[in-house]
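Enquirer: Put together the whole structure using the sequences plus the hints.
Just so you know, we're using the numbering used here here: the sequence shown kicks off at 1 and counts up by one.
Simulated from the structure, these hints should not be mistaken for laboratory data. It should be emphasised that the depicted structure is a prediction, and the values quoted were computed from it without experimental measurement. Every residue gets a Cβ at the ideal spot worked out from N, C-alpha and C, and that includes glycine. Watch out, some of these pointers could steer you wrong.
In silico SDA-like pairs for lysine to any residue, Cα to Cα no more than 25 Å straight-line [claimed, not checked]:
1) 349 - 85
2) 265 - 201
3) 349 - 204
4) 320 - 12
5) 91 - 81
6) 349 - 75
7) 56 - 136
8) 149 - 349
9) 320 - 374
10) 156 - 211
11) 156 - 138
12) 56 - 67
13) 56 - 170
14) 349 - 189
15) 91 - 75
16) 320 - 85
17) 349 - 170
18) 63 - 271
19) 149 - 338
20) 149 - 67
21) 149 - 320
22) 349 - 222
Restraint-style ranges between C-beta atoms, simulated for each label pair [unchecked claim]:
23) 19 - 162: 43 to 51 Å
24) 157 - 11: 44 to 52 Å
25) 376 - 2: 20 to 28 Å
26) 321 - 67: 33 to 41 Å
27) 215 - 164: 22 to 30 Å
28) 159 - 7: 52 to 60 Å
29) 18 - 170: 45 to 53 Å
30) 381 - 26: 23 to 31 Å
31) 352 - 141: 28 to 36 Å
32) 67 - 215: 20 to 28 Å
33) 105 - 353: 16 to 24 Å
34) 189 - 19: 48 to 56 Å
35) 18 - 189: 38 to 46 Å
36) 369 - 188: 36 to 44 Å
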Amino acid sequence: MLLRTFGWSFGITAAGLALAGVLWGWHGLAIVAILSVLEISLSFDNAVINAGILRKLNAFWQKMFLTVGVLIAVFGMRLVFPIIIVAITAKLSPWEAVRVAINDHDRYEALVTGAHPAIAAFGGMFLLMIFLDFIFEEREITWLGWLEKPLARLGKLDMLSVVIALVVLVIAGTTVATGVPLHGGHGTIDKAETVLLAGVGGLITYLVVGGISGFFEDRLEEEEEDDEDGAEEAGAEDGDGEPAKGAVEGKSGATAAQVAGLAGKAAFFMFLYLEVIDASFSFDGVVGAFAISNDIFEIALGLGIGAMYIRSLTVFLVRKGTLDDYVYLEHGAHYAIGALAFILLATIKYDISEVVTGLVGVVLIGASYWSSVVRNRRLGEGSQEPDDDKAEVTTGV
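Expert: Dropping the structure here:
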């Protein structure tokens with residue numbers, strides 16, 4: 001299982017480090033290795049969140065996540081995306097932006113760093129919406145019950161998460177965005193307009209992509225329920241308690257085609273949603289990588305290797321059923337997302353070390369994992385309890 005899931009990651013790591021050694025020597029190999037570790041340490045929460053979504057998809061889309069999705073993550077987000085940002089913010093042609101990225105590393109670093117307020121606002125708002133929608137959703141199993149249960153009751157107010165996200169954006173736009181330090185520390189600049197526009201863009205992206213994905217997922221569930229109800233009714237009408245063969249075959253054939261079509265659409269938009277989440281998680285890594293290197297290819301290779309491990313870890317969590325065994329992991333990951341969202345918004349003005357960002361996620365996920373272990377032990381000791389009572393067990397944190 002381990003080798004089958006992480007085999008590609010091990011192979012790409014070996015090939016990537018060998019390529020780095022050939023192109024840039026031992027120094028370049030060390031930089032790529034450090035960047036890989038940086039990406040992995042920053043993205044544990046990403047793997048847990050992705051696993052919660054990926055387990056809803058079939059084997060085909062899980063393979064797409066590990067193949068096409070990796071190409072998007074490595075070449076799209078770690079290589080092409082920064083160049084597009086440079087081209088837009090510096091008003092350069094795409095070819096000029098590529099030339100700057102390859103030949104003028106210092107200027108490229110300055111341009112990407114200068115675009116950080118917009119990147120942080122977009123990613124921060126997208127991640128904040130994920131966190132808010134989770135925390136305001138009513139659920140049977142709660143980790144921090146004293147906090148989550150009251151917030152779930154508040155979540156019954158329509159569009160509350162959107163309102164709170166907009167309030168946070170306005171606060172960010174009128175505080176941290178008004179005095180953004182220039183690259184090199186020479187003075188400050190007002191980026192309020194940029195932050196507000198980018199933040200609204202992140203909010204709209206979340207609502208559109210998440211809304212479409214949810215729409216097709218709901219449609220798929222409704223079709224499956226209708227199919228089951230129709231089969232039960234047909235069976236009840238048959239004298240022997242079995243449905244009439246011809247009628248059911250005709251009905252099931254039509255329904256199967258509809259379900260397959262809806263499943264395809266739902267899976268596609270979930271896949272798209274996953275890629276946007278991955279993009280939002282990668283923003284801090286892409287910008288933070290300049291503290292280690294300003295070579296676009298070293299950054300792309302190092303972060304790409306790390307991204308491959310995170311995707312393999314996501315599939316591993318799905319196949320092992322880890323989220324079902326350790327039920328608070330998703331809670332911890334979403335709290336880490338909320339923390340990352342606020343950290344991203346704070347980095348518009350303040351320099352926050354990637355070590356802090358990574359540790360926050362690791363601590364929250366570690367705490368939720370330990371709470372899950374404690375819960376499982378309690379359930380094991382009280383195994384005579386009805387199943388309905390098990391869902392109500394909390395850590396008491």
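Enquirer: Determine for every hint whether it applies to the structure shown.
Expert: Hint-by-hint comparison with the structure:
no. : hint                  : result
1   : 349 - 85              : 19 Å, holds
2   : 265 - 201             : 24 Å, holds
3   : 349 - 204             : 24 Å, holds
4   : 320 - 12              : 23 Å, holds
5   : 91 - 81               : 15 Å, holds
6   : 349 - 75              : 28 Å, violated
7   : 56 - 136              : 21 Å, holds
8   : 149 - 349             : 34 Å, violated
9   : 320 - 374             : 19 Å, holds
10  : 156 - 211             : 18 Å, holds
11  : 156 - 138             : 9 Å, holds
12  : 56 - 67               : 18 Å, holds
13  : 56 - 170              : 35 Å, violated
14  : 349 - 189             : 10 Å, holds
15  : 91 - 75               : 22 Å, holds
16  : 320 - 85              : 38 Å, violated
17  : 349 - 170             : 15 Å, holds
18  : 63 - 271              : 11 Å, holds
19  : 149 - 338             : 17 Å, holds
20  : 149 - 67              : 39 Å, violated
21  : 149 - 320             : 29 Å, violated
22  : 349 - 222             : 47 Å, violated
23  : 19 - 162: 43 to 51 Å  : 45 Å, holds
24  : 157 - 11: 44 to 52 Å  : 50 Å, holds
25  : 376 - 2: 20 to 28 Å   : 22 Å, holds
26  : 321 - 67: 33 to 41 Å  : 23 Å, violated
27  : 215 - 164: 22 to 30 Å : 23 Å, holds
28  : 159 - 7: 52 to 60 Å   : 45 Å, violated
29  : 18 - 170: 45 to 53 Å  : 50 Å, holds
30  : 381 - 26: 23 to 31 Å  : 54 Å, violated
31  : 352 - 141: 28 to 36 Å : 32 Å, holds
32  : 67 - 215: 20 to 28 Å  : 26 Å, holds
33  : 105 - 353: 16 to 24 Å : 22 Å, holds
34  : 189 - 19: 48 to 56 Å  : 39 Å, violated
35  : 18 - 189: 38 to 46 Å  : 43 Å, holds
36  : 369 - 188: 36 to 44 Å : 41 Å, holds
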